[in-house]
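Visitor: Going by UniProt numbering, the first residue of the sequence shown is number 1, and it counts up by one from there.
Warning: the hint list may mix true and false statements.
[As the list claims (entries may be wrong)] Subject to a maximum C-alpha distance of 35 Å in a straight line, what follows is the list of computed DSBU-like cross-link-like pairs (lysine-lysine): (1) K71 to K59; (2) K26 to K59; (3) K36 to K19; (4) K26 to K71; (5) K6 to K71; (6) K71 to K36; (7) K6 to K36; (8) K71 to K19; (9) K59 to K13; (10) K36 to K26; (11) K71 to K13; (12) K19 to K59; (13) K6 to K19; (14) K6 to K59; (15) K26 to K6; (16) K26 to K13; (17) K13 to K36; (18) K59 to K36.
Please keep in mind that the hints were generated in silico from the structure rather than gathered at the bench.
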Amino acid sequence: MLDELKEEGIVNKVGGRFKLSTLIQKRMVALNTGAKPQVDTRGLTDRMAIVIQEILQDKIHLDASGEVQSKNQTVMANLPGAYPGMPGSTPPAPGSTAKPSDE
């Protein structure tokens, strides 16, 4: 177990054990599907350590709806199911004439 998880500070920072677990799980999925880490990964042994450092350095948090949010909005495009520039939406189907909106 990582030493940071033994401390109550990270639990209190996120708002409870359930929120911490949710944040870790969602961010791990994002990292496993190709999202870029938001912290220096030198010296970090695994993805869990990366997620813990992102939380401790206030790089990621859960919003009111339970979604992972980042201070760096370009990282949000790396979350599963998101399309660059439009968090939560999906890209047009291949071969369709639909174009992404410029909002």
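Visitor: Under the constraints set out in the numbered hints, which ones does this structure not fulfil?
Guide: Checked against the structure, no hint fails, so every one of them is satisfied.
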